[in-house]
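Visitor: Given next are the chains, with one letter for each unit.
There are 2 protein chains.
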Amino acid sequence: MAGLAEEIAARALRYVIDPPSEPDDVINFASPQELLTVFDATVGLSLDEEVTAESNEAIVAAVELVIKHSVHTTHPRFLNQNFAGPDAIAVVGDWLGAALNTTGATFEAAPVFTLMESAVLSKLGRIAGYLRGGDHVPTLPPGLFCPGGSTATLYALQLARHRRQPDIVRVGSSGESLTLFVSSAGHYAATKSAALLGLGTEAVIKVDSDTTGAMIPAALEAAIAGARDAGNVPFAVIGTAGTTVTSAFDDLNQLADICDAHELWLHVDGCYGGSALFSDTHRHLLRGVERSDSFVWNLHKMMGMTQQCTALLIRAPEQLAACFASNADYLFQPDKLYADYDSGDRTFQCARRIDVLKLWLAWKHHGDVGFETRVDHAVKMADYTRARIAASNGAFAAVVPGNFSNAVFAWVPAHLRPLDLDPASIGRLAPDVHAELHALPPKIKARMQSRGTAMVGFQPVAGLNTFRMLFMNPNVTTGDVDAVLDLIDEYGLAELGSS
Amino acid sequence: MAGLAEEIAARALRYVIDPPSEPDDVINFASPQELLTVFDATVGLSLDEEVTAESNEAIVAAVELVIKHSVHTTHPRFLNQNFAGPDAIAVVGDWLGAALNTTGATFEAAPVFTLMESAVLSKLGRIAGYLRGGDHVPTLPPGLFCPGGSTATLYALQLARHRRQPDIVRVGSSGESLTLFVSSAGHYAATKSAALLGLGTEAVIKVDSDTTGAMIPAALEAAIAGARDAGNVPFAVIGTAGTTVTSAFDDLNQLADICDAHELWLHVDGCYGGSALFSDTHRHLLRGVERSDSFVWNLHKMMGMTQQCTALLIRAPEQLAACFASNADYLFQPDKLYADYDSGDRTFQCARRIDVLKLWLAWKHHGDVGFETRVDHAVKMADYTRARIAASNGAFAAVVPGNFSNAVFAWVPAHLRPLDLDPASIGRLAPDVHAELHALPPKIKARMQSRGTAMVGFQPVAGLNTFRMLFMNPNVTTGDVDAVLDLIDEYGLAELGSS
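Protein sequence lines, in the order shown, are assigned to chains S and Z. Using the numbering used here, read the first sequence as starting at 587 and increasing by one per residue. Using the numbering used here, read the second sequence as starting at 587 and increasing by one per residue.
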């Protein structure tokens, strides 16, 4: 087994050190049926009635197929999602955590990682302005690591509900109609969490956002008043720091003012945009975050940590135990050594993967300056893209102005140029023009995928499919941006020619 | 950075191939303060106001400290928890997944892994008896991968509630007092989930279990009737297949009969014991699981997958979308290629780490026979331990008979031998005897930890601290069992001598 493990590890390491980087290496696209056929030549993707032990050669061949047909999120022309370009130190830090395979729930099972989590959460809490100075490795750090941003928002809303109704943990919902608020451009974690919490998706009031995607504070005020008038009980507001589509930032200070006035919990969804705090240039986007009650920050997005590395910061972490403790006496024995460091009874999960090691190693390696450079570079590439779009003589039309690390735009066929495509203008498009533009992005993207030359997301904005390029990967150059825009132009023209 | 990444990877690989295995290598125990001091000699555990980039040499030195001071869960005398002895192929499979860093939510971002998840979930579903034959890589597989067993139970209870009240996802709890049932020996995920779901911890009725830890079916019948009489609405029963402390298995057929009669959702918590299904010899312990509605199975426990690898199997997976879908149009665009394979809108999480690759690789490498051997070996070691205890002339006293992969027992000082320590007998101990016995396990364990010679869990059973040895690691030998029992005897005697 050691030989096979080494063979697989060698291929994984080669991938980290020297990932596919040719212009058509973003993906070797294959349909589900093609993938099944390709794997049948090695060990078969399916697990049949009897699974026989395969030879090492067959397993290695399968590993090579897995690599070949996976999407290469390391490639600088993978601009498809709000993660890309994993940091090599983070990847091998993740590996070391997997090798040491333990759970973060207790000091006993994870002595180093318990302290490391405390150190990192304390630092993140200080960056967010929740703490000043103080113990840098506290017994009770200001937060938790969670398996993803949605889960963190779920926990935050439970904390918010618990502050409003401390007995709900014990007696359950009274049927009182609790209501929370998020911008219409906010992440769906809000509604998914409301469903799971038993609040119901209708408990989530979608507050109007402006054309950039930022919540309109006056609309929040009106929505709160409207909810109260309808007999509902507002309890929380989710401010978004970096919306999923346009990367808009809500004005957190204005939201905090409103939350203060109405005694509402302010949760900040900074899954994507939280990393702006690493940058002197861009930190201002989160002004006011220090006034929030909770703040989720996905380090696996812009900072290149592997899936997942989510910090849920909590201003008053002493609430966690009341909300989540089980007091399981087989695990959190008070009579074992240093039990006061155990983190497991402050969260929902029992066994918990070590997500902190990779972040700690990468931070110690790159330093604050390295982290800042990564963020600044991402925004620079987005700035460059936006400038290229503005100077494209109408070939591309910006949908939102944008001020962070993504660009949302459409490709416009020559016969329709110039075309204003801000959300209000989209609403005024003639139906045939709308239909023509709407159909293009999926077709252009399918060409990218089948050729493996790039991956760029698309999604409807104001009902129109538009492109979204996301900059996360420090290896993206202006040459990559030029190339991908050229590809969109080329494939768009080819679509027009073929239709 | 490549050089440093390679240096860290080399140390991680060395750890996988040749982990610490000397008799005192289970842990190099240090207190929190000692750990902080030790790290201060390299880069420091804390992240101070300014984090400067450290040299590669300092990072490598820190990595070596991380390894040195972590608990060696690979060591055959780490018998502390229901995971141990990670499978080397699973570890490097995990590494490959981290290197390819993507999310399991969409076919677009995870083409190979989407099909692999379907293949593995389909196989697990067939093993559990949810499916027979059929498509081995279905578009809609019978389940999900989840970040841990507690989360899976949370999702299962949401599905159960949704079947009872389909509009609760939208309108929230009506305040109707929904009630669920789990044995008094069941996992705390039930109460934690009830709190999060807004049901409240009081919605969880703890049904009496017998002295082995298995639920008493007649007590379940009585509890359901009692809840109805009190005006509550029973909706789900959690059957446990392998309780945390005594590894007891509820009689799932009897539970299924009761659930059928009362139209209750039957969720099986097989986090620990589910792996008995891999063994012809032990599969009978889960007889009736095929009649359940959902079934959670942690492959990161007995099967040696790294944290985490949790399958939540669902008999009727078409319910998932109704329960969890967000229909987010930036991610689950119906107009992209093969969107019908996307799994992300059937679960709560958005981005989701690839947990399937390691399991798929390990299964293809070991085959069904290899998996069966791992399970059978674990139970054999537990059988051997139980036999040693029975033949110890009273030095050790079994607390429960046990029939799976753990042993629960006490060390009995010579002046108290022989002593019956089944739970009923524990209740009849004289207070001074109880106090003397109760104080010993934490002290004996502290000696193990400080010497690094073994790790064995302890927890109260019927109010008395008792040892729990868990067998998961295929490298444990009868010699290891002998050695650890001898250590307990030695440290127990030393405690008596020092007190």
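Just so you know, these hints were derived from the structure itself, not from any lab. Take the hints with a grain of salt, since some may be wrong.
All copies of an identical chain are treated as equivalent in the list; a pair is satisfied when it fits inside any one copy or across any two copies.
Unchecked claim - Below, simulated EDC-like cross-link-like pairs (lysine to aspartate or glutamate); rule was C-alpha separation at most 20 angstroms, straight line:
#	residue 1	residue 2
1	K1029	D1018
2	K1029	E1076
3	K922	E620
4	K922	E1081
Visitor: Determine for every hint whether it applies to the structure shown.
Guide: Hint check:
1. K1029 with D1018: Answer is within: at 17 angstroms inside a copy they meet the 20 angstroms cutoff, but 79 angstroms across does not.
2. K1029 with E1076: Classified as within; 12 angstroms inside a copy, 73 angstroms across copies.
3. K922 with E620: between (55 angstroms within a copy, 17 angstroms between copies)
4. K922 with E1081: Result: close only across copies, 16 angstroms inter versus 68 angstroms intra.
Of the numbered hints listed earlier, not one is contradicted by the structure.
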